[in-house]
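J.: These are the residues of each chain, in order.
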Amino acid sequence: MSAAPLVAIDTLTISLPSADGQRLFPVREVSLEIGRGDIVGLAGESGSGKTITALSLLGLLPPGGRMSGRIDFEGRDLVGLGPAEISAVRGRDIAMVFQDPMTALHPMLSIERQLTEHLRHHRGVDAKAARERAIELLELVRIPDAATALRRYPHQFSGGMRQRIAIAMALCCGPKLLIADEPTTALDVTVQAGILRLLQRLRTELGLSVLLITHDMGVMSALTDRVAVMYAGRIVEQGMRGDVLGRPRHPYTYGLLGALPHDRGEEMVLRPLEGTPPAIGALPQGCPFHPRCQFAQPVCRTAEPALRTVAPGRAIACTIDPLGEMAA
Amino acid sequence: MRSAWLQPLGIIGAGMLTIIVMLAILAPWIIPFDPNAQAFGRFLPPNGENWFGTDQLGRDIFSRVVHGARVSLPYAAQLVVLSAVIGTILGAIAGYFGGWIDGLIMRAADLVMAFPDIILAMAVVAALGPNLFNAVLAVVIVSWPIYARVVRSMILTLRDEPYVQSSRLLGASSGRALWRDIRPNVAGPVVVLAALEYGHAVLILSGLSFLGLGAQPPTAEWGSMVSEGSKYFDKWWMSVFPGLAILAVVLAANFLGDTLRDAFDPKSTKAFR
Amino acid sequence: MGNVVRQSWYALPSLLRFVLRRLAIGILLCVGVTLVSFSLTQVVPGDPVAASLGDYASSDPATVEAFRQRFGLDKPLPEQYFIYVTNLLQGDFGQSLQTRRPVAADLAQYMSATIELAIVAMTVAMIGGVGLGIIAAVNRDRWPDQVIRVVSLAGVSVPTFWLSLVCLYVFFFQLGWSPGVGRLPPGASGPMTITGLYTIDAMITGNWRVLGQALSHIALPAMVLAIYTIGAITRFTRAAMLEAFDQEYIRAARAKGMPERVVVMRHVLRPALAAIITVSGMAFGRMLGGAVLVESVFSWPGLGEYAYRSALALDLRAIMGVSLVIAAVYILVNLVVDILYAVVDPRIRLG
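Chains as they are written, first to last, in the working numbering: chain A, 1 to 328; chain B, 1001 to 1273; chain C, 2001 to 2351.
Hints should not be assumed to be uniformly reliable.
As the list claims (entries may be wrong) - Label-pair ranges, simulated between beta-carbon atoms: (1) B:Met1022 x C:Ile2027: 49 to 55 Å; (2) C:Gly2206 x A:Gly159: 57 to 63 Å; (3) A:Gly37 x B:Pro1162: 34 to 40 Å.
Said to hold, decoys possible - Counterexamples of contact, computed for chain C against chain A with all Cβ distances above 10 Å: (4) Ser2008; (5) Pro2013; (6) Ser2059; (7) Pro2078; (8) Gln2174; (9) Gly2257; (10) Val2262.
To be clear, the hints were calculated from the coordinates, so they are not data collected in a lab. All of these numbers come straight from a predicted model, not from anything done at the bench. Where is the CB? At the ideal position from N, CA and C, for every residue including glycine.
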């Protein structure tokens, strides 16, 4: 990993107000680095805190949300920024692609308007230059007949095309970091592959860093360099893709991979993940994963394990580390 | 969870309505004077004895306003119940059976809604003759479609629910399936709608009476009292107090109805995602 | 054959298809409206001839016979309806009992005053309602939202006829700010008739004195008439804005770093406005109903006041005429509203 990462999230904790006046903590003490040109995957079930972690990079917390910790972005701490400063980073330095291109594009604004409005706002470019840039980007994401496409509206494109447009929209201001939140989940399988190839190509052509959020371990293994797995607001396993996905050491990662079909002829008994993740307001005592863990021991019920480094570039948050031997 | 300030409005509305209904029920015992007795000097401004003053015939306006609740409230209630029942039945039939019955009923609803309600009501009353009963009938004719629309759209979504489907498969007749499976789900929204429409019913009935097409003198009805007052322009108390009574009832009903809608309508209670 | 028709139908541009479909629905509704008004003339208790002609005229056998002939009252109902519609299409709405003039002539005379009042009131209501709704939605659940909620509920709760009286009492009788009832001061002559709208005609002819008079006369009734609609549009705007706020594309716009002001005015307001346009048509219908009450208090010589006098005199032909015209205006307005909506929303405009 390079010496100066693009983004260094350090013990980020996010709190939200709950209905009964308490505060909930959907993200707790998350630390994560994204190097320049890296694709980092953030995995976990819905409700694990991965999307809200991503939104915190843009300063887009729900009303009443608060952050503590540091988000170091090119030497600046994003956590302390005021609304005007963070809004200047949004879309310009850090851009985001959302899950469902059907709902993330504005149905009543033309593609040109949606592709160029933030470019003109952030960079002060005139309409003509902005249009040229938009055409260039549409060609980059392989939208046929880009000049005509500008005059059209989202409903006139297919889902996959719309996601390409959404990606072009995110790239307009030349961001350094692209956050992609489940960018393929809403798409057909055949279309998914195209979008993944596009993201891969953008990384090599533009040197873009990508934070890829997904619960789909297949997508994860196709695209990422490093992977972090979140459960109940914390990172429970982190490491190089091949290590984490090939030889998972946290029982949760292991369970998640159970959903991924693979044909390695493993002799290990895979038990698919049962149950649902706990609500953030009602975490069980001890390790939040223990009620669903097939390896749980009495000790797991009492103490919540901290994330600890178990090998170079590899960390897990598990007290008993039942898969350690096999992985080593 | 919606914010806490919504509930106070609902409580205020419910409290006001309760007080007004109590006043209406107890009116014969609490009003100081016979509402139709011409017992005082004419056009007395509000004073210690006649709190709201007296009218052109020397009647006590306070007694007439309180007594007026016994006219406006029950007629508006009849109107709302009748429209709700008719609208619900027609909407349920339209939604459940679909096809040409649906088309017929819903086009009729569109048709009625093409007339501004008070104008169609005026036409109906002019055709049938001006009195409060015909006014109620006229407004029922113009107000059932809103219930029919709501109920129909609910039935359309409910019809395909598994439990409704299964009971039909098990041989329940259409009528029984409608009654048993769908009624509990439709009841809530219809009640909310009726609460919201109650205020409007009071408004339109008093409006028709104001125009001389509803209650006829000497009935102590708020709309016609305002109308009488309007003939004696400088005697402001003759119009102001019965009008305030209408405002109080309608405001209370709308406060309550609005709060109920927020509580029952999942759309507006949708929490932040 | 049917196939050919279908194919050529789908070959039409989608906006044109949409307009044609709406037009057809509008025409069907108009036919239905005549059915309703025809049925109403049939349910009159007692002798319909007496109801239509009045007691004096119906005592003359020759008049009664002429009336029977003209409306084919001895013929079966469907044929009577046909005659009725044919007469309507030729602009024959019958004779008013009250004015002893053709109803059509009365309608033509009174229509412009109502249209002028409704246009001014609707403009006030749209600006006020959309503005308040935006403020409420942006400040969701904070104090401006709470205040606006109570105010808009009060707006839809206050009896229009009473508010008219109170405003007239306060602003005319007590304060003297308003010049009082009617469209112009007593005895003043109107501007040269071009559109029939005094304010417009006065502007066109450069008659500034009359323009001032007309404006000062229309201000109070228009405000009163707008109150209910302001309340309704405020509440609807708030709801539509909040629904738009919840959409993913708003989060996407914020993620692009667009300033909140632009997000609200461009990304949120645009879809909300499309929804507001559709209800403004219905709100306009309710406003025409409220005009009856306001006009009767303000002695505004419009359709509402005419309907009020006709209803009191049980002048059935006249009141049916008003209903028909207002229903037709309402259908027309909603047709325009639908088309506007289609133009605003690219999903309908471009299919």
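J.: Each hint should be assessed against the structure and marked as holding or not.
T.: Comparing the hints with the structure gives:
The hinted range of 49 to 55 Å is satisfied by methionine 1022 (chain B) and isoleucine 2027 (chain C), whose Cβ atoms lie roughly 52 Å apart. For glycine 2206 (chain C) and glycine 159 (chain A), the Cβ-Cβ distance of about 60 Å falls inside the hinted range of 57 to 63 Å, so the restraint holds. At about 51 Å, the CB distance of glycine 37 (chain A) to proline 1162 (chain B) disagrees with the hint of 34 to 40 Å. Annotated as non-interface, serine 2008 (chain C) keeps its C-beta farther than 10 Å from every C-beta of chain A; the closest such distance is 23 Å.
Annotated as non-interface, proline 2013 (chain C) keeps its C-beta farther than 10 Å from every C-beta of chain A; the closest such distance is 14 Å. With a cut of 10 Å on Cβ distances, serine 2059 (chain C) stays outside the contact zone with chain A, its closest approach being about 65 Å. Chain A leaves proline 2078 (chain C) outside its interface by the beta-carbon criterion, the shortest separation being 47 Å against a cut-off of 10 Å. Interface exclusion of glutamine 2174 (chain C) from chain A stands, the closest Cβ pair being 47 Å apart, more than 10 Å.
Not every CB of chain A is more than 10 Å from the CB of glycine 2257 (chain C) (nearest about 3 Å), against its label as outside the interface. With a least CB separation of 7 Å from chain A, valine 2262 (chain C) falls inside the 10 Å interface cut-off, contrary to its annotation.
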